[in-house]
Every structure is written in C-alpha cells, then in structure tokens.
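*Asks:* Residue 0 is where the sequence shown starts when you use numbering that gives the first Met the number 0, and the numbers rise one by one after that.
Hints were generated in silico from the structure; no laboratory data involved.
Please note that the accuracy of each hint is not assured.
Only pairs whose alpha carbons sit at most 25 Å apart, straight line, appear in this in silico PhoX-like list of lysine-lysine [what the hints assert, rightly or not]: (1) Lys-120 - Lys-52; (2) Lys-104 - Lys-40; (3) Lys-11 - Lys-104; (4) Lys-40 - Lys-11; (5) Lys-11 - Lys-23; (6) Lys-120 - Lys-157; (7) Lys-19 - Lys-104; (8) Lys-120 - Lys-40; (9) Lys-11 - Lys-29; (10) Lys-120 - Lys-29; (11) Lys-29 - Lys-19; (12) Lys-157 - Lys-16.
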Amino acid sequence: MSLAEKIFRFEKRRLNKLTKLANKVIAFEKSIAVLSDEELKAKTPYFRERIAKGETLDDLLPEAYAVAREAARRTLGQFPYPVQITGAIVLHQGDVAEMRTGEGKTLTATMAVYLNALAGKGVHVVTVNEYLAARDAEWMGQIYRFLGLTVGVNLREKTAREKREQYLCDITYTTNSEVGFDYLRDNMAGSVDGRVLR
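Use the sequences and the hints to build the structure in full.
*Replies:* Printed below as a string of structure tokens:
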C-alpha cells in the first residue's frame, strides 16, 4: 500500500468518525427546537453543572452544539449545516478546518466557542483585524449573550483596565497582533496588577 493510500484511508476513517459525531448533534435537533427561550437559556448553567460533576466537554459536545445551533436560528435566523457542524467538531479537537470564503466559517466557530466557553476559562476568538473582531463580537455575540455568556472585544485603543475586563469575559474577540502584544506587555509588567490576560 502506498503512502498516499494510507493517508487517504486514515482521512476517510477520520471523516467517518466526524460524521457520526455530527449526526449525534443533529439527533438533538427536534428536542432542542421545542424548548422555550428560557429553557434553552437554562442549558448553559445546566452544562456548567455537569462539568462541575466531572463530565468533559467531549461528553457535552452533541447537546451543546445543538443548543448553539438553535440559539443561532433564534437570534440570527441562521442554522448551521451538517458540514459546518463537522467543521466545528474539528475546531474543538484542536485541528484546522479549511473553509472557503462564503462557506460560513464565522457561524461554524460559534458551536466550538460556546462549548469551550462552558469550562469558564475564557475563549479567545482571534482574527486578523479590528474590524472583524468588533463585527463578529457584535454579530455572533448575539448567540452567546442569548445563552447567558459574556462577550468582550479587545481593541488596540483600550486601556489596561478595559483590556482586563474584556479578557475576563467568557468569550473575547481580538486580533492576532493585539493578543501577541498583550502577552509581551504582561511579561514586562512590574506587578500582577499590571497584567491584562487571565
């Protein structure tokens, strides 16, 4: 068997596993859709309670992704497709999900961001410019705020106190250059109080 055939076989097995997991998310669709807004919002503290009792984010993934999908439908009028669910699973697993312009990267990320924000450690969504960071914090932030999470946006002109507040949010949108400079500044700070990152 050639190397190319081995790689293709591995990738096909991986895709099959991702598809099975995406189907578990889709299986929650009907039961989540019938929930009232209040019942849907109550899922966030419910998930956090399950984490506190020892469940992992992987355990919560199918139901949490279904909740994020439904919240996207109710707040934005957008409902992630199965291929976007698959992309979000890949992101959660720490890999790169390549998607072309117009295929819904911004919406895809919301499921992985919501799930990881449940852990309470803060999630950074890093983009290339401040316009996109501010736009996405406002646009996709509707989903997270609906579900009871806090959303911040870290921009260059913010003071250290303002930056600290943004980084303490459940989800922080920022740019690659700004988070890099914040990291450097934190390592040069004269005291812990001078730092902005968690």
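*Asks:* Would you mind marking each hint as holding or not holding in the structure?
*Replies:* Cross-check of the supplied hints:
no.	hint	result
1	Lys-120 - Lys-52	holds, 16 Å
2	Lys-104 - Lys-40	holds, 24 Å
3	Lys-11 - Lys-104	holds, 22 Å
4	Lys-40 - Lys-11	violated, 37 Å
5	Lys-11 - Lys-23	holds, 19 Å
6	Lys-120 - Lys-157	holds, 22 Å
7	Lys-19 - Lys-104	holds, 21 Å
8	Lys-120 - Lys-40	holds, 20 Å
9	Lys-11 - Lys-29	violated, 29 Å
10	Lys-120 - Lys-29	violated, 30 Å
11	Lys-29 - Lys-19	holds, 18 Å
12	Lys-157 - Lys-16	violated, 43 Å
Comparing the model with each numbered hint stated earlier shows that hints 4, 9, 10 and 12 do not hold.
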